[in-house]
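Colleague: Below, each chain spelled out in residue letters.
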Amino acid sequence: MGNKTLALCRTAPYGSALAREGLEAVLASAAMEQEVDLLFIGDGIFQLLGNQSPEEIQQKSQRRNLLALPMFGLEQFYVCASSLAERGVKPKLIEIPGVEIKTIEQPGALIASYQCVLSF
Amino acid sequence: MTLHLVSKSPFSSSALRDCLQSFAEGDALLLIEDGVYALRHDALQTLQNSAVYCLEADAAARGQRELAAIVSGIKMIDDAGWVKLCTQHNPIVSWFR
Amino acid sequence: MNHLSANGKEIPLDKEGYLRDLKDWSPDVAEQLAAAEGIKLTDAHWEVIELLQDFYRQFDLSPAMRPLVKFIGQHLGADKGRSIYLMQLFPPSPAKVASKIAGLPKPTNCL
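Chains as they are written, first to last, in numbering that gives the first Met the number 0: chain A, 0 to 119; chain B, 0 to 96; chain C, 0 to 110.
No lab work stands behind these hints, which were simulated from the structure alone.
Treat the hints with caution; some may be incorrect.
Stated by the list, open to error - Pairs of lysine-lysine residues, derived as DSS-like cross-links and limited to a Cα-Cα distance of at most 30 Å, are as follows:
#1 C/Lys22 x A/Lys59
#2 A/Lys3 x C/Lys105
#3 A/Lys101 x C/Lys69
#4 A/Lys59 x C/Lys69
#5 A/Lys59 x C/Lys14
#6 C/Lys95 x A/Lys59
#7 A/Lys3 x C/Lys95
#8 A/Lys3 x B/Lys83
#9 A/Lys91 x C/Lys69
#10 C/Lys105 x A/Lys59
Said to hold, decoys possible - In silico contact screen, one side only, chain C against chain A (beta carbon under 7 Å); selected entries:
#11 Asp59
#12 Ala63
#13 Pro66
#14 Lys69
Built from N, CA and C at the ideal position, the CB exists for glycine as well.
Generate the whole structure from the sequences, applying the supplied hints.
Modeller: The structure is reproduced here in structure tokens:
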């Protein structure tokens, strides 16, 4: 994985600006042809859930923005298996067209394989 | 090997718990700021075979320096020690909430 | 230019010439926004504008250059999904200029 960066997405959307800021950083990096991988872990997996309708709280849909990532060349997401299980989220609920979801049993080993990790 | 920085109290934040979930063998943990209250938390027991460091100034400020001295396996470091850890590990992951 | 008028209505623009309210957009407004950029809209422009608006509806964001090129390529074919083609239609910065004419916000991750 060489000099790739990992974006650690560990917060739920809307409750704070972190999830959005992480996505903006990933989009900006991808637009500049910098390779970034994403690992959704902890409450970060809530960013992937379908049926997000945040219009009434004047926010943009985090999931709809994530759906754009294949257009930016990002076609694979890592997701922590135990975070899904702990929250009762079935992998089926977080499918994204054009993206391969790879569930990870050992997030520590994945993290250790990167040079740079950004946490959001 | 990853250097994990935890800066929130384990009694009010999931930072330590989330960090331990992503802790690989050979990784190191550094407790800073309110993260030093992890010295009082049972979860730290699971790291008995790993390198655990604590920033002395932050522990001292919070009245935890004496405790750190008796919790086994904790190494107290200063800012220069922190810098050294950063040069010895890659990547560095900050668990700041 | 801080506003333009269309259908007898004053339409406010921000200081870079983007629509303040995306609901103000109409083809007539697009023609005027294009004219301000020195562009006369042809069918080739319109098919890109419509796709940009599709992109925004689908993903809730204005695309930077790279995703725009990929999206156009997927829908209009490889010969149009090229930056040089979009550069000819919407100079000098296709993602920004085309977003403006399509009535979308400025692409946030476009430097």
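Colleague: Report holds or violated for the interface hint on C/Pro66, using the least CB-CB distance to chain A and a cut-off of 7 Å.
Modeller: For C/Pro66, the interface hint holds, since the closest Cβ of chain A sits about 4 Å away, which is under 7 Å.
Colleague: Compare the distance between the alpha carbons of C/Lys105 and A/Lys59 with 30 Å, and conclude whether the hinted pair is satisfied.
Modeller: holds, 15 Å
Colleague: Return the status of the interface hint for C/Asp59: holds when the least beta-carbon distance to chain A is below 7 Å, violated otherwise.
Modeller: Since chain A brings a Cβ to about 4 Å from C/Asp59, closer than 7 Å, the hint holds.
Colleague: For A/Lys91 and C/Lys69, compute the direct alpha-carbon distance and say whether it is at most 30 Å.
Modeller: OK: A/Lys91 and C/Lys69 at ~27 Å, within 30 Å.
Colleague: Does A/Lys59 sit within 30 Å of C/Lys22, going by the straight-line distance between their CA atoms?
Modeller: OK: C/Lys22 and A/Lys59 at ~16 Å, within 30 Å.
Colleague: Quickly compare the C-alpha distance for A/Lys59 and C/Lys14 to 30 Å and report which way the hint goes.
Modeller: Holds: A/Lys59 and C/Lys14 sit about 23 Å apart, inside 30 Å.
Colleague: Quickly compare the C-alpha distance for A/Lys59 and C/Lys69 to 30 Å and report which way the hint goes.
Modeller: With Cα atoms ~23 Å apart, A/Lys59 and C/Lys69 stay inside 30 Å; holds.
Colleague: For a C-alpha distance cap of 30 Å, please report whether A/Lys3 and B/Lys83 respect it.
Modeller: holds, 23 Å
Colleague: Mind checking the alpha carbons of A/Lys101 and C/Lys69 for me, to see if they're no more than 30 Å apart?
Modeller: Roughly 24 Å separates the two Cα atoms, so the pair holds.
Colleague: Hinted pair, alpha-carbon criterion (30 Å max): A/Lys3, C/Lys95. Please report holds or violated.
Modeller: Distance ~28 Å between A/Lys3 and C/Lys95 Cα, so the pair holds.
Colleague: Taking only the CA atoms, is the gap from C/Lys95 to A/Lys59 under or equal to 30 Å?
Modeller: holds, 20 Å
Colleague: With a cut-off of 30 Å on the C-alpha distance, tell me whether A/Lys3 and C/Lys105 pass.
Modeller: Holds: A/Lys3 and C/Lys105 sit about 28 Å apart, inside 30 Å.
When held up to the earlier numbered hints, the structure conflicts with none and fits them all.
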